[in-house]
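Chain A is already provided as a structure; the job is to place chain G on it using the hints.
Going down the list, the sequences are from chains A and G.
In my numbering, each residue's number is its place in the first sequence (first place is 1) plus 83.
In my numbering, each residue's number is its place in the second sequence (first place is 1) plus 83.
Keep in mind that the hints are not guaranteed to be accurate.
It does not matter which identical chain is used: a pair holds within one copy or between any two.
What the hints assert, rightly or not - Below, a list of computed lysine to any residue pairs in the SDA-like style, where the Cα atoms sit at most 25 Å apart:
#1 Lys111 with Gly198
#2 Lys111 with Lys205
#3 Lys185 with Arg95
#4 Lys183 with Gly198
#5 Lys109 with Arg95
#6 Lys129 with Ile112
#7 Lys205 with Ile187
#8 Lys183 with Gln136
#9 Lys183 with Ile209
#10 Lys116 with Pro92
#11 Lys116 with Cys89
#12 Lys185 with Pro92
#13 Lys116 with Pro91
#14 Lys109 with Asp137
#15 Lys185 with Asp124
#16 Lys183 with Arg204
#17 Lys191 with Pro201
#18 Lys185 with Pro91
#19 Lys183 with Gln143
#20 Lys129 with Thr99
#21 Lys178 with Tyr128
Worth flagging that the hints you see were computed from the coordinates, not collected in a lab.
On a predicted model such as this, the values are computed, not experimentally measured, just so you know.
Number of protein chains: 2
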Amino acid sequence: MEMESCVPPGFRFHPTEEELVGYYLKRKINSLKIDLDVIVDVDLYKMEPWDIQDLGYDEQTEWYFFSHKDRKYPTGTRTNRATAAGFWKATGRDKAVLSKNKIIGMRKTLVFYRGRAPNGRKTDWIMHEYRLQTSQNAPTQVHT
Amino acid sequence: MEMESCVPPGFRFHPTEEELVGYYLKRKINSLKIDLDVIVDVDLYKMEPWDIQDLGYDEQTEWYFFSHKDRKYPTGTRTNRATAAGFWKATGRDKAVLSKNKIIGMRKTLVFYRGRAPNGRKTDWIMHEYRLQTSQNAPTQVHT
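So that you can see chain A by itself, here it is in the shape it has in the complex:
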């Protein structure tokens, strides 16, 4: 990625969950400056997971994005996680993200299914959706 040109040779973006939530997501939500815009905004529900490579990220198997969560109904809190070809479905329990032994965020794991709920064929695509730990759900997430 071009924007990484100020990073010395040999350095790669391999953030810890604490850095993802405590630095990148927190600053994004608070509209604070981020050192290097290495995490771009994408609407993950307007694209299929296998289209991510087409964004120009070669030789990677993990990607990081900011994406707004889409509500299923304007007045509700249920989330619409469908794409044109399938849907992202939560799996397992949410996991706490810690910093100095304090919870700063939560991580939800989702699996991509082709087709339409309640049917659909499970794929190998996994998403980790991070949110800040606040009294209410934060309006934005960072995805890997």
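This is chain G only, laid out in the frame that chain A set:
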């Protein structure tokens, strides 16, 4: 490491062999400026592998150093790879390091043995020793 403070959060030093040899080692040997002195000079034969952690590198299982190769005898070309507690012994064949399909360097793999050759107990410590591919052996190497 303090010197990494100008690298944005979440970036870690995970160089490719091409970057190690074609950028870091080549510039080191030619006394050219290196963006960030992330690879420090160490005499690897004056220390034991298990002392590397004491240099202040936490949470790592791989380290990168520049180290001069010590000759066994002042007039010879044989290398002295002994430490106080043991010795590094080459294993397998040297492997080429490529850049754009051209050989730019070679990688030697060494294993640490406790004790004195030809005896000694093999350990799990592995070193990769890189050299530039020149007509003669380069006087310095980078180790991982």
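Here is what the structure says about each hint:
no. : hint               : verdict
1   : Lys111 with Gly198 : neither (33 Å within a copy, 55 Å between copies)
2   : Lys111 with Lys205 : neither (32 Å within a copy, 50 Å between copies)
3   : Lys185 with Arg95  : between (27 Å within a copy, 24 Å between copies)
4   : Lys183 with Gly198 : neither (42 Å within a copy, 42 Å between copies)
5   : Lys109 with Arg95  : both (21 Å within a copy, 20 Å between copies)
6   : Lys129 with Ile112 : within (21 Å within a copy, 50 Å between copies)
7   : Lys205 with Ile187 : neither (31 Å within a copy, 45 Å between copies)
8   : Lys183 with Gln136 : between (35 Å within a copy, 23 Å between copies)
9   : Lys183 with Ile209 : neither (27 Å within a copy, 33 Å between copies)
10  : Lys116 with Pro92  : both (24 Å within a copy, 13 Å between copies)
11  : Lys116 with Cys89  : both (16 Å within a copy, 15 Å between copies)
12  : Lys185 with Pro92  : between (34 Å within a copy, 20 Å between copies)
13  : Lys116 with Pro91  : both (21 Å within a copy, 12 Å between copies)
14  : Lys109 with Asp137 : neither (28 Å within a copy, 34 Å between copies)
15  : Lys185 with Asp124 : neither (28 Å within a copy, 38 Å between copies)
16  : Lys183 with Arg204 : neither (40 Å within a copy, 41 Å between copies)
17  : Lys191 with Pro201 : within (20 Å within a copy, 55 Å between copies)
18  : Lys185 with Pro91  : between (32 Å within a copy, 23 Å between copies)
19  : Lys183 with Gln143 : between (30 Å within a copy, 20 Å between copies)
20  : Lys129 with Thr99  : neither (27 Å within a copy, 34 Å between copies)
21  : Lys178 with Tyr128 : within (23 Å within a copy, 45 Å between copies)
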